[in-house]
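Enquirer: Here is what each chain is made of, one letter per residue.
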Amino acid sequence: MNRRLARVTPGRIVALAALVLLALEPTLAPYIHVDVTIVSAALLFTIAALSANLLLGYTGLPPFGNAAFFGLGAYGCALSIKYLNVHFFTATIFGMLAALLGALIVAPFLVRRRGIYFGLLSIAFGQVFYFIAYRFTDVTGGEDGMAVTRPYLAVSTFTLKETAFYYLSLVVFILSILAFKAIVQSPFGRTLVAIRQNEVRVRYLGLDSNRFVFVAILISALFAGLSGALSALLNGFIAPLQLDWHQSGDFVLATILGGSGTVWGPLIGSIIFVIGRDIISTITPYWQIFIGALFVACVLGFPRGILGTILARFGAAPLSNEPEEANWTQSPAIAVDHHG
Amino acid sequence: MGDKFLLEAQDVSKYFGGVHACEGVSLGVREGSIHAVIGPNGAGKTTFFNALSGFYYPDHGRVFFGGEEITRMPNWRRIERGMSRTFQTPSIFPELTVYDNVMLGVRSKAGIAFHARTPSGEQQAAHERRIDELLGFVNLVRFKERPVAELSHGSQRLCEIAMSLSTEPRLVLLDEPMAGLAESETERIISVIRGLHDRLGLTVLFVEHNMRVVLGLADRITVLDRGRILAEGTPSEIAANEAVRDAYLGKEVLEHV
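The listed protein sequences derive, respectively, from chains S and R. The opening residue of the first sequence carries number 89 in the working numbering; numbering runs sequentially from there. The opening residue of the second sequence carries number 10 in the working numbering; numbering runs sequentially from there.
You can take every hint at face value.
No farther apart than 20 Å at their CA atoms in a straight line, the calculated lysine to any residue pairs in the SDA-like style are these:
id : chain 1 : residue 1 : chain 2 : residue 2
1  : S       : Lys269    : R       : Pro128
2  : R       : Lys118    : R       : Gly145
3  : S       : Lys269    : S       : Ile398
4  : S       : Lys269    : R       : Leu105
5  : R       : Lys118    : S       : Val281
6  : S       : Lys269    : R       : Ile121
With the C-beta cut set under 8 Å, the calculated list includes, among others, these residues of chain S facing chain R:
id : residue
7  : Ile271
8  : Thr279
9  : Ala282
10 : Asn286
11 : Val288
12 : Arg291
In short, the hints are calculated from the structure, not lab data. Ideal Cβ placement from N, Cα and C applies to all residues, glycine included.
Only chain R is shown next, with the shape it has when bound in the complex (with noise of 0.2 Å):
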């Protein structure tokens, strides 16, 4: 713990055409933190975070996960060394329950979800709890035989959630899980992020326009502005910085911290 980086992203850019979505980004995720990406829209923050999880590789830079490069390693491959994801619309499977849906994560955990023949009653059992427990998590028990189509936008998150954990990451990549929630459901998605952190000792790196939600939660942000990182500290930091305040800030959304 402590100053060993769990995720590092070396001088990373990513192009589309001529547009430059994200240019020289640098940044180090310390194990066993809450770790914020900001910025405004079109900053380059999902951009850089399809770069760091293999949804596409980035043009040029490095990423280091957990000490091995992981740049053009294929993304289902940094799952099984303990990464894991959401995306800013929840990618769920919308016809399955949301029992069906963390089943094959715990499955593809456990190395049989190739298998052909049906998983013997007790490993069946140790797979029920263990949804059973990550659902507990999440609260979304009482959803269990439900099609995920079913559920609220808030609730399909939260399952999101719960199949992001299912493969026992070490490290949680969060891309706007409060986008599109009301204030209720965003209370209690920032709460389950903490529960990520506080109760599951994981590594959380999170993208999020919302100023307020960042600075409350995250121990440590990085603001990008236009493809290119503006500044990098602790919340107190950045709500002090200068640039960010001009760039980005605006003074009635720092009054409020």
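Just chain S, same shape as in the assembly (with noise of 0.2 Å):
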């Protein structure tokens, strides 16, 4: 364990120097004109494409309805400061245990569906919530949204202001990638990745798989709960829209655009689609076109995204051709033990 801690790879090193980035970006952001908030707003949408990446990259299920998840994370935020008047980190948790709840309702029934089946009753799901934030109006102030003051952080009288907030989003998405890395590395997150691969093998092994994409489905939920709770406190509002099955394409074409089944795929992809967008639409109002064009070219030209086709290059051994045939003539030498 200390030892594979210790070793230094290329990959390593690159995210260290990323991290290392991210943390002088609040002193470099008046030189590179890259506002701390446009930053945290990638980060944080990083955690949601980490949730989308859960379900799409390793269990192999496209989760087209995430934005529900993040929306209830939003609005149990929200509501829990505007009627419970919590603080900060009490607010956030209230936001996950939305998303949770959301997730304990649908996962039942989306846990035996796969594939194409699987997204479309993602999104039904999801415009069922997106429909209620929308029409609740009492609570939710329907289509003009609700606002979220900001509260005090813990227990002190302190609010974050938007370089702390910013900080804040860092160690909270360094959290997240850790937690999210462990998840993936773990038996558990094996299995999800040989449920992908072969759901009938998994079975014939003796797993319920359904069990695991339920648990899947769960653990996305929380990603993606704990990123809408921040964007709530980040923006200060929240609306119906950020429930919209768009916004879940929006998780997942990051997710792809990054590499989809890489631990850091999802930040380079949402890097690149929050500042991106937030650049070009202050250029041209039809921004969309070229978040398409991107998206197109990603999928015509690199399927595996960014990170995907750069650890197929260099990292991973290169595929030989043909292999070697198996060694017939040795006999098999050890016999199986059955209480091994």
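Put the two chains together into one complex; each comes in its own frame, and the hints tell you how they fit.
Expert: Structure (structure tokens):
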């Protein structure tokens, strides 16, 4: 374990460099003209993209309804501030719990669906939550959305300003990516990858794959809820559109762009997507054309995404064409011990 | 051992629309035997196999395993009970290494596939030894770090057999283990199947259409034809059976025996 931590790999160096850059962003902001708020938004967006990535890249299920969990996080957070007058972290936890609750309601229906049926049912459920937020005007403000006053941090009467909020986002982001990495490398995460590759075999190894999918949906919802809650606190505003299926599509798009099935891919995709959208939308109102073109280029040109393509080129061992034949002459020498 | 049936099918039928793929098939697999199900293409062998292993459930009839009724038991639970199977096309995790393919079954058996924390060093080492044992049995140790997709068809099938052993079954179901293999690979699979029985003491039920292989390997044979049982008996009984000769074998096949 310690040996593994100490090993220096190119990937670790790049990741560390990225984190150092992110830590220096508030200092660099005036020079590179990238505001801390937009990078905060990108980091929080990444957490939602990680949520999509767990289902899409690891389990092999299209998460077209994750905006519902994101929105439940945002509304859960906002409403707990409005009605319960809770502090910052408590509000965030309320947001995550709201997302978890939503997932507990929909997951039993989703858990038996695969492929496009999972995607379509996700959209349908997501839109249900969207219409609830849209119609339930008395509580949610309906179409107009609602303002979110950033509450005091924990017990003190201290409110986070933009730079401090940025550092908080960065810390939460780092914790999220560490948690995500631990999950996908754990036996549970390896089983999810196996489900993506061959679910029948997973079941014929004695594992109830639906149970794994169920928990994957709950974990995904927690990440999305965390992202939604903090995004609401960052923006000071939420609207039903944040639950819309377009929003789910954005998370999926950023994931695929950066590299689905990789730990750091969603960060790359989210930074390009969020900051790119911000820059292009100041130039032209037709920014969606550029996002669309980027997505088409990604799917046609590098379907593994940016990081996936890089890893395939440099990281993974080159694939040889024809394997050596097994040595048939050598006889099996070891008996299988049934209590081993 | 002896007369006890480890797996028993009673009057199993499976229909696909109007097609009676499998009709009223009864069969008992004795503990410790190598039992073959043979029949020409379309005889319902694989359908019957799928009904036994819970790939789908039979429309009629009952299935028992170790004395317990499993007719509508989910397939993953049958594996927990000590059944395992391979598929006609090797069912593997193509992008994962041979090692990781077998690892999942070992973790499943150890009950840690669901764990969110990394296994302890000690446990991991024990699992690695177990994987080496299993890969040693099918002679794939040297391909351990290779993605299974890179292996030859025969090696993929051996990897699948190692995977099916990783859950420590009592009964192994093999669906056409020799399909699509070269002669040398076929010999190898035959010796591995013998090893399952002779060295590991497992009960084996396999589907095959190569009569020569079946007569030399099985100690009990069930012949299916058009979804029904045509005959059942020892290899010599089957070889002498007129109905089997007429329906399926052809004289030249039997002359090899």
